[in-house]
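Let's have the full structure, built from the sequences with the hints guiding it.
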Amino acid sequence: MNHLAYLDAGSGSLIVQAVVGGVAGAAVAAKLYWRRLVDRFRRQPTDQR
Amino acid sequence: MATSQPPLRAEPGSFRDPANRVFHLGDQVLRGLDEEAAGQWRALAATGFFPALLADGKVCGTEPTDPVTLGQGWTAALRHERIPFVSHPYEWSFAMLRDAALLHLEILRAALPEGFTTKDGSAYNLQWRGAEPIFIDVGSFTPTRVGEPWAGYRQFCQTMLYPLLLGAHLGLDFQPWLRARVDGIEPDQLRPLFGGTRRLLPGVLTHVHLHGAMQRRNAAASTADVRSQLRAAGYSSELAMATVRGIEKLVRRLDRRPAASHWVDYQRTCGYTMDDRNAKERFVAEALTAGARPRLVLDLGANDGRYARLAARHADYVVAVEQDPAVVDELYRTLRAEGERRILPLVMDLADPSPGGGWRGVERASFADRSDADLVLALAVVHHLAIGRNVPLPEIVDWLAGLVTPGGRIAVEFVHPEDPMARRLLANKPEGLFPDYRREEFERSLARRGRISRRRDLPSGTRTLYEVVVGG
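Heads up: the protein sequence lines correspond to chains Z and Y, in order.
First residue of the first sequence? That's 1 in my numbering, and the numbers climb one at a time after it.
First residue of the second sequence? That's 1 in my numbering, and the numbers climb one at a time after it.
Don't take every hint at face value.
[Unchecked claim] A few chain Y residues that face chain Z, going by a derived Cβ cut-off under 8 Å, partial list only:
1) P18
2) A151
3) R181
4) L210
5) M214
6) L230
7) Y235
8) L239
9) G246
10) I247
11) G407
[Unchecked claim] Negatives, chain Y to chain Z, calculated, CB over 12 Å:
12) L8
13) G48
14) L54
15) K58
16) T69
17) K119
18) I134
19) R179
20) Q189
21) R199
22) E363
23) P417
24) R423
25) R424
26) S460
27) G461
Calculated directly from the structure, the hints in this document are not laboratory data.
We treat Cβ as the ideally placed atom computed from N, Cα and C, and that holds for glycine.
Encoded structure:
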């Protein structure tokens, strides 16, 4: 992380920029959400144990 | 023998980024850089884009200087070009904010291919050289890392894009919103205004609705996590550039043109005969040339800028203040097309001048604190304040005198109660409400604050011009 960034860029504000960046950007955002989803399913069984 | 050094004063508006801070030393504007920021400055100075932006006047003039001047704690120091009159975004017109936003994006677009970005995206990063915007926050440039979106996007939306959407799509004046909120407008505040089919207006669905929703859904996620997730998902420098281009394209589309009929009532000059106008222009020209060349002239109630232009022929810099945002916008567009660099048009209600704002009320200096004019022009405004807004005459004179540097002058017009314009204003008020609205009373007020050096009745006989040397 860039420690010189004094400003809270906002997590949602970072993601929405991908969506604004056209088809390629939307694909990045979709990939990010897909990975989050996959991660959640992967983690769930261990969480329940 | 010790020479008296002017005291070093930290700029109250420059504290948010601890890596660098702006100071005033007399007339000089200096910036202290810590060790890391100093290294970044050296890298920035070695790029191709930064010297080019400097040469084009798009970034304020910057040169290295001795950090010893700033005392302990700074590794390097920069000296900046002095901005003739600092203004705030809530004093700008629509086209001014749009041009400022476009310059910010242009600078970002120049920086990105060379591995630099800006830490923030605030409208306060910009100032004016007349009708030409300049980027002042040199400390904002920082090396970018592959796969990182613009950290300043949120701030850009809040202080520039959203105010422009309000103006372009809803025909609302953004100035009160920005004046009330130092950090700008939140997406959640805009959402209720952009419901229904308004969602389909350019920029609304993504930058307002989706942005707001993403902020809510990701409130618990840290920006560090999101940055690495975006990198892993393939967010690239090209994509960062495409995003900036997309925002730029949107901002260019946003416009707000007032209806033509709007101007009919606003020609201040129309109420005058040719003789009156000529006499008034002569008087103002004499006031401008009576002493040393004025450094700063304030034209209060500037309207179409007729007298501001006259003032600019004899003064270094003129600030033209007008209440109506549409009138200022028209003036700005004309001045910008002419490439005028010495007249700054500003939106402000004279009966409600900009107060101090932000942290402790000093982060954004009040209009009075910024004003140290050599000459103040108050032409055809006193009756509006005195009759229209009920401000007592001595108060008006005190306020005008307070905007002037010691030994400076005021050129002020008094409209007699018998004048048709004054009668029209008086007709809307209960009879006998303004027994003191008389020429003698006004002259007494002027004499209390200075010396009346010249006085001229206009040929029509119902208006008088005064030149007053404040404290003289």
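Hint check:
The interface hint given for P18 (chain Y) holds, since its Cβ lies 7 Å from the closest Cβ of chain Z, which is under the 8 Å cut-off. Look at A151 (chain Y): its Cβ gets to within about 4 Å of chain Z, closer than 8 Å, so that hint holds up. With 8 Å as the threshold, the beta carbon of R181 (chain Y) stays out of range of chain Z, its nearest partner Cβ sitting at about 16 Å, so the hint is violated. Among the interface hints, the one on L210 (chain Y) holds; its C-beta lies about 6 Å from the nearest C-beta in chain Z, closer than the 8 Å criterion.
A distance limit of 8 Å between C-beta atoms decides the matter here; for M214 (chain Y) the minimum to chain Z is near 3 Å, and the interface restraint holds. Because the closest C-beta pair between L230 (chain Y) and chain Z is about 6 Å apart, less than 8 Å, the hint holds. Taken as an interface hint, Y235 (chain Y) checks out: its beta carbon lies about 5 Å from the nearest beta carbon of chain Z, inside 8 Å. Among the interface hints, the one on L239 (chain Y) holds; its C-beta lies about 5 Å from the nearest C-beta in chain Z, closer than the 8 Å criterion.
A least Cβ separation of about 5 Å between G246 (chain Y) and chain Z falls short of the 8 Å threshold, and the interface hint therefore holds. Taking 8 Å as the C-beta cut-off, the interface hint given for I247 (chain Y) holds, the closest approach to chain Z being about 7 Å. At a threshold of 8 Å, the smallest CB-CB gap from G407 (chain Y) to chain Z is about 42 Å, leaving the interface hint violated. Against the 12 Å criterion, L8 (chain Y) stays outside the reach of chain Z, whose nearest CB is about 23 Å from its own CB.
No beta-carbon of chain Z is positioned within 12 Å of the beta-carbon of G48 (chain Y); the least distance is around 22 Å. With a least beta-carbon separation of about 22 Å from chain Z, L54 (chain Y) lies farther than 12 Å from that chain, consistent with its non-interface assignment. At roughly 22 Å from the closest C-beta of chain Z, the C-beta of K58 (chain Y) stays outside 12 Å, upholding its exclusion from the interface. Separation of T69 (chain Y) from chain Z is adequate, the least Cβ-Cβ distance of about 24 Å exceeding the 12 Å criterion.
Distance check for K119 (chain Y) against chain Z: the nearest CB is about 6 Å away, which does not clear 12 Å, and the non-interface claim fails. No beta-carbon of chain Z is positioned within 12 Å of the beta-carbon of I134 (chain Y); the least distance is around 21 Å. Non-interface status of R179 (chain Y) relative to chain Z is upheld: no Cβ of that chain comes within 12 Å, the nearest being about 22 Å off. Against chain Z, the non-interface label of Q189 (chain Y) holds: every CB pair exceeds 12 Å, the least being about 15 Å.
For R199 (chain Y), the requirement that its beta carbon stay farther than 12 Å from each beta carbon of chain Z is met, with the minimum near 15 Å. Interface exclusion of E363 (chain Y) from chain Z stands, the closest Cβ pair being 15 Å apart, more than 12 Å. With 12 Å as the threshold on Cβ separation, the claim that P417 (chain Y) sits away from chain Z holds: the shortest Cβ distance comes to roughly 55 Å. The non-interface label for R423 (chain Y) is consistent with chain Z: the shortest C-beta to C-beta separation is roughly 55 Å, beyond 12 Å.
With 12 Å as the threshold on Cβ separation, the claim that R424 (chain Y) sits away from chain Z holds: the shortest Cβ distance comes to roughly 51 Å. A cut-off of 12 Å between C-beta atoms confirms that S460 (chain Y) is not in contact with chain Z; the least separation is 57 Å. Non-interface status of G461 (chain Y) relative to chain Z is upheld: no Cβ of that chain comes within 12 Å, the nearest being about 60 Å off.
Violated hints for the displayed structure, listed by number in ascending order: 3, 11 and 17.
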